[in-house]
Amino acid sequence: MDSESYAVYCYMCDEFVLNDTPENHIDQMRNVLIRHPTKGEDDPVLRDRSVNDENGEVSSISNEKDSASVNGESDKQSGRLSRHSHLSEQERKDEPGVRQLRPRRKRSHSADSSSVENHGNYGKRRRNGMVTRTLSKTKQEKKVVGLRNLGNTCFMNAVLQSLSNIGVFYRYFKHLPALEINAKSGRGIEQSRKLTEVSDALMAEELRKILINLNQGGKSAISPESLFHVIWKIVPRFRGYQQQDAHEFLRYMLDRLHLELLHLLPDGSLRENSYLNIGPKSRTSIVTSVFGGTLQSEVRCLNCSVESKKHDPFLDLSLDIPEKFQYLKKSSKDNADEPTTPCDISDCLTSFVEVEELAETELYYCNNCKSKQRSTKRFWIRRLPNVLCLHLKRFRWNNCFRQKIDTSIMFPVTALDMSQYVLSSPHETRRSGSGSTLYDLAAVIVHHGSGTGSGHYTAFAINDGGQWFHFNDSSVRQTEIETVAKCKPYIMFYIRREFRLPQLQA
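According to our numbering, the sequence shown is numbered sequentially starting from 111.
Derived from the structure by calculation, the hints contain no laboratory data.
Among the hints, a few may not be true.
BS3-like cross-link-like pairs, simulated, lysine-lysine; straight-line CA separation at most 25 Å [what the hints assert, rightly or not]:
1) Lys434 x Lys503
2) Lys503 x Lys598
3) Lys434 x Lys596
4) Lys487 x Lys419
5) Lys420 x Lys480
6) Lys503 x Lys420
7) Lys284 x Lys253
8) Lys503 x Lys596
So the derived label-pair ranges between C-beta atoms look like this [to be verified]:
9) Ser534 x Arg347: 39 to 47 Å
10) Arg361 x Pro132: 34 to 42 Å
11) Ser407 x Val127: 46 to 54 Å
12) Asp527 x Thr471: 34 to 42 Å
13) Ser428 x Glu467: 19 to 27 Å
14) Lys480 x Pro287: 54 to 62 Å
Glycine included, each C-beta is placed from N, C-alpha and C at the ideal position.
Full structure from sequences and hints, please.
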């Protein structure tokens with residue numbers, strides 16, 4: 111058992127042990143090691159790192175690299191923090207970029223981990239346009255599962271918990287068979303294809319197991335170590351245990367998933383399942399089907415008034431906070447007053463679609479004038495996605511460092527109306543698909559602290575039963591909708607009321 115991450119490795123099988131015994135021997139041993147005094151447990155800074163679940167804000171975080179779980183979990187987590195954080199600069203330079211792992215055999219793709227203690231009392235109410243129904247209680251209620259912090263991995267945990275509570279996204283991976291790069295299996299990359307685009311590390315497979323186990327419920331927290339090491343391999347910038355940006359991680363993950371699933375799509379025999387009725391024939395994946403939308407940009411020449419239009423796909427919208435609402439948080443102890451006029455998410459969306467005049471350094475080449483001219487530009491949403499991901503630009507560069515814009519943003523938990531940001535012309539939208547412009551909130555990622563390289567990420571998400579939970583690494587707590595509405599969002603996931611997956615094109 112690794113004394114830092116508490117992961118268990120079997121040398122006979124040459125594999126990590128993912129499932130506990132029926133008697134919970136591994137979990138018992140893990141708890142013994144956690145209770146054993148380790149270096150740093152008596153550090154009052156580590157001991158005081160906690161999250162106040164009542165108001166969704168972090169207390170005593172300052173500029174620390176990460177926060178552990180609430181109510182006593184911080185001492186447990188402190189022993190898990192990577193030894194990298196205690197090394198000098200010279201020692202870090204001498205260390206190899208990636209920890210060497212033993213070669214891994216092909217495994218049976220069983221479930222990855224288990225669960226964390228929590229409150230769960232679910233009557234199932236299908237979201238995402240699904241049919242409402244109620245499931246009878248089992249003898250043992252399904253628990254809500256947390257994710258262990260491997261050392262500043264709260265950015266990843268918050269994203270994973272958000273995705274796991276988007277029902278159709280989870281159910282797709284639940285029905286997806288185990289993925290392998292194996293031509294003989296009939297559902298991999300062809301023998302002749304060189305593995306240049308998809309390496310031997312499959313993020314989709316590790317994510318599949320994580321999502322299944324987060325929704326099955328178990329007896330201890332899931333360790334996302336296998337997924338994290340795959341990410342190290344395919345995205346070098348995430349190597350190590352430094353705090354990362356949750357939005358950047360989300361984009362890298364979705365882009366990678368889209369690429370892998372296009373190449374590893376199950377064969378035709380599996381397409382009887384509606385959740386798998388998406389794939390290369392239409393060049394779509396579950397990623398683009400759920401999160402994908404289309405923007406229309408319009409550039410107008412100020413000399414001849416000729417307009418040029420361009421359509422671009424998007425998986426999320428990054429929104430500026432209007433300058434009049436910006437409140438810069440210089441440190442965690444900064445008590446400066448915020449702007450008196452509250453900022454609403456509609457202010458950010460309106461700013462996104464407003465006409466702006468391009469600067470002199472961005473002169474537009476007009477095909478009509480045959481020269482570069484001053485111009486204006488604006489965006490419209492041409493096609494709305496099923497899941498609208500809104501990212502608020504809370505960090506900006508100031509000289510040589512990034513500052514956090516800590517402005518409170520008001521946002522609706524239900525019935526976000528996107529109609530005024532969508533093209534109104536029937537001619538422009540006739541091929542863009544129809545459906546409701548009303549969205550309901552499914553998950554929120556919150557950044558606590560003063561900078562992108564410090565602080566802590568947590569997430570709020572609503573389950574199928576309509577109950578909100580606060581996910582803080584391995585700690586998961588039931589919370590109220592009022593608490594969610596008061597948080598300071600960084601990334602928001604809204605689900606369209608008329609959720610429609612595209613049909614497979616012939």
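Going down the list of hints, with the structure as the test:
no. : hint                        : in the structure
1   : Lys434 x Lys503             : holds, 14 Å
2   : Lys503 x Lys598             : holds, 12 Å
3   : Lys434 x Lys596             : holds, 21 Å
4   : Lys487 x Lys419             : holds, 10 Å
5   : Lys420 x Lys480             : holds, 19 Å
6   : Lys503 x Lys420             : holds, 24 Å
7   : Lys284 x Lys253             : holds, 18 Å
8   : Lys503 x Lys596             : holds, 18 Å
9   : Ser534 x Arg347: 39 to 47 Å : holds, 41 Å
10  : Arg361 x Pro132: 34 to 42 Å : holds, 41 Å
11  : Ser407 x Val127: 46 to 54 Å : holds, 51 Å
12  : Asp527 x Thr471: 34 to 42 Å : holds, 36 Å
13  : Ser428 x Glu467: 19 to 27 Å : holds, 20 Å
14  : Lys480 x Pro287: 54 to 62 Å : holds, 56 Å
Violated hints for the displayed structure: none, as all numbered hints are satisfied.
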